[in-house]
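Going down the list, the protein sequences come from chains P and V. Quick note on numbering: our numbering labels position 188 of the first sequence as 188, and the sequence is numbered without any gaps. Quick note on numbering: our numbering labels position 32 of the second sequence as 1032, and the sequence is numbered without any gaps.
FYI, nobody ran anything at the bench for these hints, they're computed from the structure. Model, not experiment: these values are computed from the prediction. No residue lacks a Cβ here, since even glycine has one placed at the ideal position from N, Cα and C. One should not assume that every hint holds.
Unchecked claim - Some, not all, of what chain P presents toward chain V, calculated at C-beta under 10 Å:
#, residue
1, Met-1
2, Asn-2
3, Arg-6
4, Pro-13
5, His-17
6, Ala-131
7, Pro-154
8, Ile-178
9, Glu-203
What the hints assert, rightly or not - Below, a list of computed lysine to aspartate or glutamate pairs in the DMTMM-like style, where the Cα atoms sit at most 25 Å apart:
#, chain 1, residue 1, chain 2, residue 2
10, P, Lys-187, V, Glu-1172
11, V, Lys-1115, P, Asp-170
12, V, Lys-1171, P, Glu-200
13, V, Lys-1186, P, Asp-29
14, P, Lys-53, P, Asp-29
15, V, Lys-1186, P, Glu-30
16, V, Lys-1008, V, Asp-1019
17, P, Lys-186, V, Asp-1085
18, P, Lys-199, V, Glu-1172
19, P, Lys-171, V, Glu-1200
What the hints assert, rightly or not - Derived CB-CB ranges, DEER-like:
#, chain 1, residue 1, chain 2, residue 2, range
20, V, Ser-1025, P, Ala-147, 28 to 34 Å
21, P, Lys-14, V, Ile-1193, 27 to 33 Å
22, V, Glu-1021, P, Lys-10, 45 to 51 Å
23, P, Met-1, V, Val-1212, 38 to 44 Å
24, P, Val-202, V, Glu-1136, 26 to 32 Å
25, V, Lys-1171, P, Asn-2, 33 to 39 Å
The lines below spell out each chain.
There are 2 protein chains.
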Amino acid sequence: MNITDRTKVKRIPKRGHYDLETIYSILDDEFVCHIGFVHHGSPVVIPTLYGRKDNYLLIHGASTSRMLGELNKELDICLTVTLTDGLVLARSGFHHSANYRSVVVFGKAQLIEDKAEKEAALKAVSDHIIAGRWEEVRPTKDNELKATHVFKIPIDEASAKIRTGGPADDKEDYELDIWAGVVPIKKVYQTPIPDPLNKEGVEMSESVKRFVEVNKNF
Amino acid sequence: MNITDRTKVKRIPKRGHYDLETIYSILDDEFVCHIGFVHHGSPVVIPTLYGRKDNYLLIHGASTSRMLGELNKELDICLTVTLTDGLVLARSGFHHSANYRSVVVFGKAQLIEDKAEKEAALKAVSDHIIAGRWEEVRPTKDNELKATHVFKIPIDEASAKIRTGGPADDKEDYELDIWAGVVPIKKVYQTPIPDPLNKEGVEMSESVKRFVEVNKNF
């Protein structure tokens, strides 16, 4: 990945990463991003779901959505994904920190107009979140496709920033009788709650069973 | 809270909330925000820690940070906080959704110059994340205060957006033999990991013990 003025990690450069493997691994560990764009001169930051397929991020929404209307103007956007992995508790307030993995992608969102590509992109978003769910549900209707805008954003100008490990205190502070350490944070999926309107006898589908199995964090 | 063109929830208006109680409760449930600002005409979205005290959001960082340098120019910013509470699995791909609580705050970041106010703001950020930790650690030094910029952002132009509950499918799809439901998501704090460099005999401090007790999610 080329490093640009926008993606170069300037504060604590050792936390910066520019290889696609690292960038993809963070993007694949989350499905909510924050998209920033400029509207009437003001910055706007909106959370939305995303998927990744190859070197593209994919986002979708109602074609009537204000954000997607703005993205369609070929504006510059900034798409940021952040995973918080821990609270870092040091011996001084100053050295308290957080462990995190984040990715920032700059680019322009490209509206997907081709019907087959659009459906494939929607499937990719679905697969990114719960693999196999797409095949289990009722097929998409033409009017639903029309009511949905899907955009792809190339991962061409991006960087990751990562902090791991314990506190880094001032040398003399290690002599203090202050407990220091890390409180790990995990995103946990809990036991799925069936819709009370599920038809009698309908069991949890395979994709959801697999998802629960894979994501058991405790 | 006055509703402005920037804060009005236009897509699915029933999900919009403008009362301070709702806005505060979401802000108090998280400590990572995404700040958007315009830099050389491009939007930039950066994750950072925050605290809330009364009607202000407080953020801090190294005085050499690019983001804080930009914020100090009295630019418009957009600060967004998002909690993802669940995956909503419907009978069609189209009606899949997520349960979430988000807050968007528009405003300008105000640099806190007064030393006492600055220290109080840093304590407020610390208290927002782990109450009581501030009193346990080594006091802040003057050079640390100088190396840190702290900004307050009034919560004067803000809105919340919330989705809860199960899937909302098309009437005829309830007849399908497709499992639908919600996969709840929780942020979980795990057992704290002591710094191997803690002095022998130093026990976990009270603030961390209380934090673990309060945040036991499973």
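Checked hints:
1. Met-1: violated (18 Å)
2. Asn-2: violated (16 Å)
3. Arg-6: Given a least distance of 7 Å, the restraint on P/Arg-6 holds.
4. Pro-13: violated (12 Å)
5. His-17: violated (15 Å)
6. Ala-131: violated (13 Å)
7. Pro-154: violated (16 Å)
8. Ile-178: Holds - the Cβ of P/Ile-178 comes within 10 Å of chain V, reaching about 6 Å at its closest.
9. Glu-203: holds (6 Å)
10. P/Lys-187 to V/Glu-1172: violated (35 Å)
11. V/Lys-1115 to P/Asp-170: Holds - the C-alpha atoms of P/Asp-170 and V/Lys-1115 are around 22 Å apart, at most 25 Å.
12. V/Lys-1171 to P/Glu-200: With Cα atoms ~17 Å apart, V/Lys-1171 and P/Glu-200 stay inside 25 Å; holds.
13. V/Lys-1186 to P/Asp-29: holds (15 Å)
14. P/Lys-53 to P/Asp-29: Roughly 13 Å between the alpha carbons, so the hint for P/Lys-53 and P/Asp-29 holds.
15. V/Lys-1186 to P/Glu-30: With a Cα-Cα distance of about 14 Å, the restraint between V/Lys-1186 and P/Glu-30 holds, given a limit of 25 Å.
16. V/Lys-1008 to V/Asp-1019: holds (13 Å)
17. P/Lys-186 to V/Asp-1085: With Cα atoms ~13 Å apart, P/Lys-186 and V/Asp-1085 stay inside 25 Å; holds.
18. P/Lys-199 to V/Glu-1172: holds (12 Å)
19. P/Lys-171 to V/Glu-1200: At roughly 17 Å apart (the allowed maximum being 25 Å), V/Glu-1200 and P/Lys-171 satisfy the hint.
20. V/Ser-1025 to P/Ala-147: 28 to 34 Å: holds (33 Å)
21. P/Lys-14 to V/Ile-1193: 27 to 33 Å: Between P/Lys-14 and V/Ile-1193, where Cβ atoms are some 22 Å apart, the hint is violated.
22. V/Glu-1021 to P/Lys-10: 45 to 51 Å: violated (39 Å)
23. P/Met-1 to V/Val-1212: 38 to 44 Å: holds (39 Å)
24. P/Val-202 to V/Glu-1136: 26 to 32 Å: About 53 Å separates the Cβ atoms of P/Val-202 and V/Glu-1136, which means 26 to 32 Å is violated.
25. V/Lys-1171 to P/Asn-2: 33 to 39 Å: Since V/Lys-1171 and P/Asn-2 have Cβ atoms about 51 Å apart, the given range 33 to 39 Å is violated.
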